[in-house]
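Taken in sequence, the protein lines are chains A, B, C and D.
End of the first sequence = 449 in our numbering, gap-free, step of one.
End of the second sequence = 449 in our numbering, gap-free, step of one.
End of the third sequence = 517 in our numbering, gap-free, step of one.
End of the fourth sequence = 517 in our numbering, gap-free, step of one.
Some clues are possibly wrong.
[What the hints assert, rightly or not] Within a straight-line C-alpha distance of at most 30 angstroms, the following computed DSS-like cross-link-like pairs (lysine-lysine) qualify:
#	chain 1	residue 1	chain 2	residue 2
1	C	58	A	285
2	A	153	A	203
3	B	222	D	509
4	B	449	B	405
Rather than coming from a laboratory, the hints here were simulated on the basis of the structure.
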Amino acid sequence: MRYIPNSPEERAEMLRTVGLESADQLFDSIPAEMRLREHLKTPAAISEMELLAGFESMAERNVAARRPSFLGAGAYSHYSPTVVDYLIQRSEFFTAYTPYQPEISQGTLQAIFEFQTLVCQLTGMDVANASMYDGSTALAEAVLMAERITRRKKVVTSTAVHPEYLDVVDTYVQHYGIELQRLDVDSATGQTSTEALAALDDKTAALVVQSPNFFGCIEDVKALAEQAHAKGALLIVAITESISLGLLGSPGSNDADIVVAEGQSFGVPLSFGGPYLGLFATRDKYARQIPGRLVGEAYDKQGRRGFVLTLATREQHIRREKATSNICTNEGLIALAATIYMETMGRRGLQEVAHQCVQKAAYAARRINELEGFSLPYTAPRFNEFVVRAPVEAASLLKRLAAEKKITGGLALSRHYADRPNDFLVCVTETNPRAEIDALVAGLRDLTK
Amino acid sequence: MRYIPNSPEERAEMLRTVGLESADQLFDSIPAEMRLREHLKTPAAISEMELLAGFESMAERNVAARRPSFLGAGAYSHYSPTVVDYLIQRSEFFTAYTPYQPEISQGTLQAIFEFQTLVCQLTGMDVANASMYDGSTALAEAVLMAERITRRKKVVTSTAVHPEYLDVVDTYVQHYGIELQRLDVDSATGQTSTEALAALDDKTAALVVQSPNFFGCIEDVKALAEQAHAKGALLIVAITESISLGLLGSPGSNDADIVVAEGQSFGVPLSFGGPYLGLFATRDKYARQIPGRLVGEAYDKQGRRGFVLTLATREQHIRREKATSNICTNEGLIALAATIYMETMGRRGLQEVAHQCVQKAAYAARRINELEGFSLPYTAPRFNEFVVRAPVEAASLLKRLAAEKKITGGLALSRHYADRPNDFLVCVTETNPRAEIDALVAGLRDLTK
Amino acid sequence: MTERINGSISLMSITKATSHISQNEALIFERSQTGRVGYRLPPLDVDETSLDEIIPQKFRREDDLEGMPEVSEVDVVRHFTRISTWNYSIDLGMYPLGSCTMKYNSRLNEKVARIAGFANLHPLASVEDTQGALQLIYELQESLSEITGLAGVSLQPAAGAHGEMTGVMLIRAFIDARDGEGASSRRRTMLIPDSAHGTNPASANLSGFTVRTIRSTSDGFTDLEHLRELCAHGDVAGLMLTNPNTLGLFEKNIREICSIVHEAGGLVYMDGANMNALVGVARPGDMGVDVIHLNLHKTFSTPHGGGGPGCGPCCCTEELEPFLPVPRVVKDSDAYRLDFNRPQSIGRVKAFYGNFGMMVRALAYIQTHGNDGLREATEAAVLNARYIAHQLTSDYDKPYEAAPMHEVVFTDKRQSRKGVHTLDIAKRLIDYGFHPMTIYFPLIVQGAMLIEPTESVGRAELDQFVEAMRSIAREAVEDPETVLGAPHSTRIGRLDEAAAARKPVLRWKPKTTATTA
Amino acid sequence: MTERINGSISLMSITKATSHISQNEALIFERSQTGRVGYRLPPLDVDETSLDEIIPQKFRREDDLEGMPEVSEVDVVRHFTRISTWNYSIDLGMYPLGSCTMKYNSRLNEKVARIAGFANLHPLASVEDTQGALQLIYELQESLSEITGLAGVSLQPAAGAHGEMTGVMLIRAFIDARDGEGASSRRRTMLIPDSAHGTNPASANLSGFTVRTIRSTSDGFTDLEHLRELCAHGDVAGLMLTNPNTLGLFEKNIREICSIVHEAGGLVYMDGANMNALVGVARPGDMGVDVIHLNLHKTFSTPHGGGGPGCGPCCCTEELEPFLPVPRVVKDSDAYRLDFNRPQSIGRVKAFYGNFGMMVRALAYIQTHGNDGLREATEAAVLNARYIAHQLTSDYDKPYEAAPMHEVVFTDKRQSRKGVHTLDIAKRLIDYGFHPMTIYFPLIVQGAMLIEPTESVGRAELDQFVEAMRSIAREAVEDPETVLGAPHSTRIGRLDEAAAARKPVLRWKPKTTATTA
Ligand SMILES: Cc1ncc(COP(=O)(O)O)c(C=O)c1O
Ligand SMILES: Cc1ncc(COP(=O)(O)O)c(C=O)c1O
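Please model the entire structure based on the sequences and the hints provided.
Rendered as structure tokens:
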């Protein structure tokens, strides 16, 4: 096996050194009846050439990867500068472990410190952790954190939060005695219904909203924060499209208490849903309740600045069942990719990407809205996603669009909402040239006339 | 421009520091009438996304890159382990210059020292340089070196040397007063004709042969060396398919005096003909006549081993017009790739690749030879290339094979030899699965029945 | 060289490393200069609408993204290249972090994960248009099922701890279904050995269990008596056991342990972080284990990436399978599809399907090794650990007699007499060119040094490691100051972590005004 | 830190670098162990024939490749990763080698060169099947023609020196054709300034010319008087001139120089290694130059790769175009083809078409910059050099008054009074974290230090460089020993190059018997 340095002869010598006669004897502590007597039935070894051919032919069957696409809904197609993927492939980054030994891990530690800073700046919050698994689990952790802070057991969530995120929250809190209550969406605006906010009460730990929400509508976060705070509840803001932070008011400036986001938009490949990364930020006063790793500044005896993992007493390896979370491995390398993306795009690039997304989505929305039979059900301002109401069943329309026009037109909402057969969600980013948008519009027209 | 760190404002400040008012003034030493008054008519700047799209569409038009191919003739398709291209992309290697400052260039220097050693071991010679541009220019330099060593002006070359190599030799020596004489090939064996060796005389600086030769035939190098040495001439051996060194007797063991080779087979992409790398090796006694860079062992005051560029007095930057060559920039990174390839494949891998090449080529030759109307004109033993004589014009047969069967079947010898309309050269390597060989055979059959 | 890289005279020559020049680099915010840019986008190709018409001012940022870096592409490349050189990494040498399994990360696996047909695939594209990805998931599920001897596999969990949570929730859901809500509510105890990794109790807690700790015996195994005792009260939902345990020892009584728990109505969860000691040799399913998580980022070599990402598949018996997270990837004759219709499922633990990119790498690992190579890797890993165990016993206290599997624990007992502790030994190893082992884990071993060489280290480097450790043992006696002051060879010395935690500075702020958006 | 990385007390704080631990690594041959393997091939899938039937024993190797390394893939990765860290590189910082133009090597360019449709393309595939590659070559030819103002372009030469040889041969072929063999044979003198790069005379010699050296004036320009004198004998075939010259000065009399040579019946060759000072600002074709080579690996940023590969296109006037190497890449309406039918061509200078992979990168450079960006890069490069020239004049002898273009030359005149020479200053710069400048070139400047920052360095690092140089100037006075003993911070000190050349060891040999195959 070419990944194993020691040759069979070397291994034989080492066996002799430790006083064994055969490799089998290495496993003498495993009772014989439990030991396999033959090889596993997994496939026999293949060469690089064969492996590449096999994987390429699997990848070929993912035809969606080769088509113009208007899918968003929690995973976004953005252009990632070439340097991002190049730099994360430096051995020193991707073959290192969690930076437990700061003297020989300053590269990772400084990068995380920069990541935390960037997340704070974009979200407008005070403190951010070193990443969570993804946006959905970050949200679940935020809900648990709100319970720890408020010691209240009810959590009110907008139904305009990504449905898979809500599912994950359900799973995480199911054994925690937390009651989840869902708020309707205003069928005219597409925003969380303000009437429904009556559900907030003094037992409420947190109000959870997403903005832009799952339907692409921008929520009035500040107003929602006011309502939550009025009841002593925290406001948790979730974001799936982090590029929106380049343009929209930061949750921090709108008084959010905890902000979670999916960071995939920051230069991370779609990769069929993962690995992505959860951003998690909050206020200084809640820093010691934050889940996951934190990196902080530290100095050595000679006064040289460095960085270390800090506030570890929150974590499972110290606090065990009383930890703020069970998370250990997080999304380190993906956070690094996001860091490089944010720094390469920089202040002006993040603004321009956001701007292009908004303009292209507006153009697409306008064009689709002009089509006979199509409408845009929601009036709230949007970032780069919007719901389209088709004159026919959306799922089959999109299926035909894929088959006949080779365009992935968006997400049929029936996947998550059985009662919305004709609606679909369209996402437009800077990676969709106008020609693709025009082809989408033409395709929708052709298939419904 | 995103590759230029200093912002326009910073540049303005620096201009003020140096006492200038505008960037234009930087060029005041260029007389006004020579200065461009408008931008070049090269295209306007484009983004990464646009550039990638443009280059990918150009690459698409290279349909030959996507087809089974039996082309060799100086450029070979071999499998290169993934680590090769990964490691040469380490910044420390590919963004470094020639190792002029050994204290901060030991990585490059040690790699070259290993390269030199590997080349010596494979060719069976004493000393090898740090690389030449490619096999063809290495051969030209070898001819010039033979002239320097022997002070003789006649060089006898086999016509079974790669024709483009012979062209390059012609160009290089045209103003050197060297007379080139070409030796015929034995039309039965395909080897350099032994009778023709009568051309060797005591004015002959060198006999130049290639083995395996351009027609895929293995030359009897030892016998040729004897003949050359009998006249006081040197034997220069050229090799285009370096993988053959894994199996064939080394030129050194066959008494060659100078060995040049194209090292592309060692893990270097085809890349439409370059960058490749010339290998250049000779006997110890000629070390000071070698062209190009050499790396040698050296020690610091504390006795620590390191490596340095050495014997620089041969080179142009010291000796100017009296240098052993005008070469300065060589093929450093490609030599590194070849080094990594040779070390990864290692002793057993180099043997096995060579073995697979031989066996697959033998299989293909046998199958083609069985075809009605096809024959193999040469009887000499071969490595992985062989000439096929078709019952029809080879160039048009191959064109149809490409168009109709999507197979690049080999090289029509008419490209280089107007008098050989029906012959073509077939090369088979470990990258051609049997199915491709069978498809080639079937295609040839179909198109000639 | 020795003198130069050490604070004081060293007793041994250090062979693995030397001191060399290393570039400094500030924070990117300190490099940033107004007006620098590092990106370029294609020009906007649609008619622009006034922004106010699309998004009213009040929803927009007002801070103009102040504080975000402004740098060129060259700045970025130099910034990250420089700071990267401050890290140790697997590619630089042995990385013997016990329990972390720092084995070689194949470049081939990196390459296949980046094939456009995988990397550019949206998770919500239709099943017809993503058959290759679903096939890959399915094939990996099948392989992991064969490797663990367990029928059901979900690849959704994003890391080991996530897999633990999933597994423990399966146990809970199973018992709820088996016993009914009422009876089940009395089974809320999860037994966890004192040697377990911290994620185990944390995950049990997340799933609403009360953790009871099982003692380990003095020879490093689960205390069967104590286990029986704890199982006597009818409240045990399950046991979370690591095997080989975190001391590197195979729990030879595993079958009996499983029986005890099963007889008490509980289920057995195995923490599979140490599966690299067993792959191809023995299967948890054959031992009586009900559910296990794997760390693809350990056993199957997907890169650790300086902290992640991981992938923590959860494998379980057929009985538990109905409870696995949705959606499940299933195969109907020739086509693959997502099955959401699992009424007993614990639900989703993550959006989409898990860390797919890691699955690509893990399948490549399995196919590259082949079944014989998988066993070979296990043998080589265990042999390397056994070799170290054998070579260091003369110089360090080895608290457990039993032959270790893939990792071995030592302590600082002998050295601490001279005031040299595990932390000091670890730091001194840095000067010898090594990344230290895992220290102070497992918690039950005072001054633990948990050494896991993995199969990716050749004998020469193992010998260097042994030499380094022996040399440090000598230094601890003859020159303890050098050890206590280590590392001496790094760009910074030991950092004051206590001060850092007391007044945490967790982000950069501009020197002048500390504004937030 | 300063104390630690210096041999003696430093007078200045070193801000750019620190000392850090660095892995040692032996030669691969010393790592090799019998029986290790690092590769795997698919099984042979054809029927095997006995090898003796195919290739008789006498043609086969007998040494079983003894001595070739046997290592695993992990060994290879660690080997090269470790040794790589001993190198300085552009990505680590400013690399101010004068004349070498160490600018940023874009990662995008690396990516496009690796697109399978380029990387896997065989050079002998038919023109129909390689239209994309031919198009790329053609477009690059067109761009370079526009940039140089010269009509004919061949991309065949593999590096600068190769381009020089090609260009000089064009001149010879042109004169042969113009004057006839007989008259031409009396024109065998090539004039080359004393400041020229060594490749110039070497290339002239390769083309059968006798080199006559032109003096430079004391202010750093071609001596027109001397040129006229040398041109008076009817034997001059041409002049090889670098512009800006190797002192970094633009030859302001270039038009007059060209006229003198032209009137004497010769042609003007321009060494275009310094074209990065002119791109978008002025064109050699507009100056009277007949032929030029470019270094794509300098001006157009294809990576230097630790010594190569390069690409040295040769650009010439319409008059010289018929003599360019075959084949030429030409365009017929919409299709590209190879033109071999050039009876006047000097012939081929390289197999196939040149270093195509470098052409891909260079075209990407040109398109990414765009016409405005090309000029911007030139401006930024010249400004950076001017800035350094301005800042260092107070501490170092600047032998020429004229404003430098993209690089500036200083000398050690002042420092050498205290016995500190250019070599020492260069070595000391290493301790300050910089790669030294080019030293002792051009040869006409005693103790030359030729500094070329390029546009790829930001002001902060330029200022660090200036500070470092100033600090060394102070050290040269106050603490010369520290400078003379430098570098102090590297894994090895100055190597004994004289001894190395005296008894050269140019390859590894096994300790025991030194066998060759
Ligand atoms: C024994 C053990 N269990 C569980 C875990 C947790 O795995 P992860 O870090 O992937 O969440 C670890 C990882 O360090 C471990 O060593
Ligand atoms: C002025 C000058 N001319 C010519 C050359 C030769 O170029 P190359 O190294 O590409 O052969 C160089 C390269 O160092 C140079 O600086």
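Evaluation of the provided hints:
The suggested pairing of residue 58(C) with residue 285(A) holds, with an alpha-carbon distance near 27 angstroms, which does not exceed 30 angstroms. With a C-alpha separation of about 7 angstroms, the suggested pairing of residue 153(A) with residue 203(A) holds against the 30 angstroms cut-off. Between residue 222(B) and residue 509(D) the CA atoms are separated by roughly 25 angstroms; this keeps the pair inside 30 angstroms, and the hint holds. This hinted pair checks out: residue 449(B) and residue 405(B) have alpha carbons roughly 15 angstroms apart, not beyond 30 angstroms.
Consistency note: the structure conflicts with none of the earlier hints.
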